[in-house]
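Participant: Sequence lines, in order, name chains Z and H.
Counting from 1, position 197 in the first sequence corresponds to residue 197 in our numbering; the numbering is continuous, with no gaps.
Counting from 1, position 86 in the second sequence corresponds to residue 86 in our numbering; the numbering is continuous, with no gaps.
Everything labelled a hint here was simulated from the structure, so no lab data went into it.
It is possible that some hints are incorrect.
Here are some of the chain Z residues that sit facing chain H, going by a computed Cβ distance under 7 Å [unchecked claim]:
1. F124
2. G186
3. Q187
4. A261
Quick reminder that beta carbons are idealized off the backbone N, C-alpha and C, glycines included.
Okay, here's what each chain looks like letter by letter:
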Amino acid sequence: MLDGTQGRWRELLREGLRHRSFLIGGLLTLAFLGMAALSLVWTPYGVAEIDVAGKLRPPSAGHWLGTDHFGRDILSMIMAGAVNSIVVALVAVGIGLGFGVPLGALAAARGGWVSEAVMRFSDFAFAFPALLTAVMITALLGPGAVNSIIAIGIFNVPVFARLARGAALSVWQREFILAARVAGKGQVRVTVEHVLPNIASVLIVQATIQFALAILAEAGLSYLGLGTQPPAASWGKMLNDAQTFMFQAPYLAVFPGCAIALTVLGLNLLGDGLRDILDPKLRRAR
Amino acid sequence: MTLFLVKRLVTLVLTLFVAALVVFTVLEVLPGDPAAIILGTGAQPDTLAALRKELGLDLPAPVRFFDWLGGLLQGDLGQSYTYSVPVAELIADRVAVSLPLAVIAILLSTAIAIPLGVLAAARHRRLADLCVMGFSQVGVAIPNFWFAILLILLFAVGLRWLPAGGFAGWDAGLGPALKSLLLPAVALALPQAAILARVTRSSVLETLGEDYVRTARAKGLSRGAALWGHALRNALIPVVTIMGLQFSFLLAGTIIIENVFYLPGLGRLIFQAIAQRDLIVVKDLVVLLAGAVVLVNFTVDLLYAVLDPRLRGGVEGA
Numbered sequence: 001m002l003d004g005t006q007g008r009w010r011e012l013l014r015e016g017l018r019h020r021s022f023l024i025g026g027l028l029t030l031a032f033l034g035m036a037a038l039s040l041v042w043t044p045y046g047v048a049e050i051d052v053a054g055k056l057r058p059p060s061a062g063h064w065l066g067t068d069h070f071g072r073d074i075l076s077m078i079m080a081g082a083v084n085s086i087v088v089a090l091v092a093v094g095i096g097l098g099f100g101v102p103l104g105a106l107a108a109a110r111g112g113w114v115s116e117a118v119m120r121f122s123d124f125a126f127a128f129p130a131l132l133t134a135v136m137i138t139a140l141l142g143p144g145a146v147n148s149i150i151a152i153g154i155f156n157v158p159v160f161a162r163l164a165r166g167a168a169l170s171v172w173q174r175e176f177i178l179a180a181r182v183a184g185k186g187q188v189r190v191t192v193e194h195v196l197p198n199i200a201s202v203l204i205v206q207a208t209i210q211f212a213l214a215i216l217a218e219a220g221l222s223y224l225g226l227g228t229q230p231p232a233a234s235w236g237k238m239l240n241d242a243q244t245f246m247f248q249a250p251y252l253a254v255f256p257g258c259a260i261a262l263t264v265l266g267l268n269l270l271g272d273g274l275r276d277i278l279d280p281k282l283r284r285a286r
Numbered sequence: 001m002t003l004f005l006v007k008r009l010v011t012l013v014l015t016l017f018v019a020a021l022v023v024f025t026v027l028e029v030l031p032g033d034p035a036a037i038i039l040g041t042g043a044q045p046d047t048l049a050a051l052r053k054e055l056g057l058d059l060p061a062p063v064r065f066f067d068w069l070g071g072l073l074q075g076d077l078g079q080s081y082t083y084s085v086p087v088a089e090l091i092a093d094r095v096a097v098s099l100p101l102a103v104i105a106i107l108l109s110t111a112i113a114i115p116l117g118v119l120a121a122a123r124h125r126r127l128a129d130l131c132v133m134g135f136s137q138v139g140v141a142i143p144n145f146w147f148a149i150l151l152i153l154l155f156a157v158g159l160r161w162l163p164a165g166g167f168a169g170w171d172a173g174l175g176p177a178l179k180s181l182l183l184p185a186v187a188l189a190l191p192q193a194a195i196l197a198r199v200t201r202s203s204v205l206e207t208l209g210e211d212y213v214r215t216a217r218a219k220g221l222s223r224g225a226a227l228w229g230h231a232l233r234n235a236l237i238p239v240v241t242i243m244g245l246q247f248s249f250l251l252a253g254t255i256i257i258e259n260v261f262y263l264p265g266l267g268r269l270i271f272q273a274i275a276q277r278d279l280i281v282v283k284d285l286v287v288l289l290a291g292a293v294v295l296v297n298f299t300v301d302l303l304y305a306v307l308d309p310r311l312r313g314g315v316e317g318a
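Can you build the whole structure from these sequences, using the hints too?
Facilitator: See below:
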């Protein structure tokens with residue numbers, strides 16, 4: 001059994017190394033995870049190290065990506081900002097998957113009032129856009145990274161609940177489910193053994209989108225001054241500062257944006273690759 | 001279908017009621033007395049008490065909740081503490097900016113995304129597919145406010161074709177007003193279009209792999225005929241869901257984008273109202289925005305039922 005599982009993983013890994021999106025996405029993601037990890041022990045300069053005499057310097061040998069209006073090193077701030085973005089997104093998507101998928105699967109399996117209750121909960125939570133919720137939460141609790149995690153995470157729950165329910169409903173109507181039911185399998189067993197594996201690819205694609213959106217949402221909140229607070233580094237806050245100095249130092253607007261875009265791009269490519277590798281139908285098509 | 005419609009309508013009303021209750025309760029526990037905010041820190045206690053009475057803040061919370069709700073239903077949204085004008089007037093002014101912005105963004109994103117998604121699926125693993133997926137990947141990855149800043153740098157600062165921010169106003173004429181909204185709408189539409197194109201492609205591809213499409217192909221239908229005649233209608237179900245979800249993202253997007261471009265829309269108003277503790281504006285706006293999202297989701301549910309009658313009654317109804 002163990003050999004079989006190991007063999008399957010080896011096969012998937014071999015597939016992955018041949019898959020361009022998976023490879024590029026994996027490398028980009030590893031690069032950013034590595035950069036984030038490195039920033040925990042080393043950055044070229046201190047993240048909060050102010051050097052007014054050296055402010056708004058363009059990229060140079062001393063400061064590879066230049067300095068901001070306080071003379072802080074942009075590369076160091078981007079490195080530290082990576083940790084912040086990744087942590088916020090990971091926890092927020094984890095909250096969404098952990099609560100949303102069981103809710104959606106349950107709704108599809110039980111139908112009736114359970115399904116109705118889950119859908120109404122979704123509608124209710126959906127009625128508040130993530131940023132609006134975040135603005136409300138930060139108005140209530142004060143701005144900060146933890147509050148932005150809560151806000152983004154809460155919004156992820158109905159996204160996954162609704163998607164899982166919709167996808168599971170389609171699966172429940174297929175013949176092999178009927179066969180499984182006739183064979184005497186209960187709703188929970190059918191859900192775990194047949195429904196979830198069949199909706200996994202949809203969930204993976206959505207999880208990558210939500211992960212990307214969580215990073216973007218965190219950056220957006222920080223841009224508005226509601227997310228991570230100074231002196232902690234945040235890509236969104238860096239872009240806010242950059243807009244103020246866009247005439248004197250346009251490069252300030254380039255690097256943090258590139259960092260967000262490349263991270264999100266890497267994660268999305270990785271997710272796409274995973275979907276292709278994990279979905280047998282697409283593997284046959286290739 | 002009538003029962004389905006009635007059930008959805010009842011839940012819509014209930015959702016809105018609960019949303020209003022939650023918003024009211026959340027803002028009740030917020031620190032800060034609106035009367036003290038209006039009069040400032042040096043206000044005398046009796047002046048404060050008089051203003052609290054005038055604003056109805058001395059009444060019990062349940063009475064204030066139902067007064068507020070009754071007002072909302074009659075179109076009386078109260079008076080803004082900060083701007084000293086009726087909130088309905090304030091919101092109407094801002095809707096004149098936000099609604100056209102959202103509509104232009106939705107039209108742009110749908111017009112770009114659905115044809116691109118279908119094209120990519122129809123030309124799976126060919127050059128067109130790779131180009132569409134490349135666009136989608138980059139579009140999804142770019143934060144809209146960063147894209148907005150880049151657009152400003154290029155079209156306002158560099159080429160000087162369009163304004164860098166602000167709103168000319170509808171009184172200035174259609175041309176200048178639309179010019180003010182063009183860059184914000186493009187900034188809002190690109191990420192939406194990228195997501196929608198990706199979902200459309202994924203959904204059409206999945207549907208093309210279904211047995212009934214294979215049967216249609218086996219009967220001699222071309223890939224295109226099978227796609228347009230059989231696959232597209234079913235493939236649109238998840239696309240419609242995502243479009244419904246996107247409306248919410250679009251509203252969130254307007255909060256940021258209106259701040260980037262200093263547009264006097266609803267997004268900027270709510271942000272300013274929270275900063276100024278203008279709670280009556282916050283309450284009204286949050287409930288109205290929530291109402292808009294609920295209505296869109298209701299429409300999505302209806303479209304679901306129209307597109308796939310099997311889904312009207314859930315599993316047990318099939």
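Participant: Going through the numbered hints above, which ones does this structure break? Give me the numbers in ascending order.
Facilitator: 2, 3
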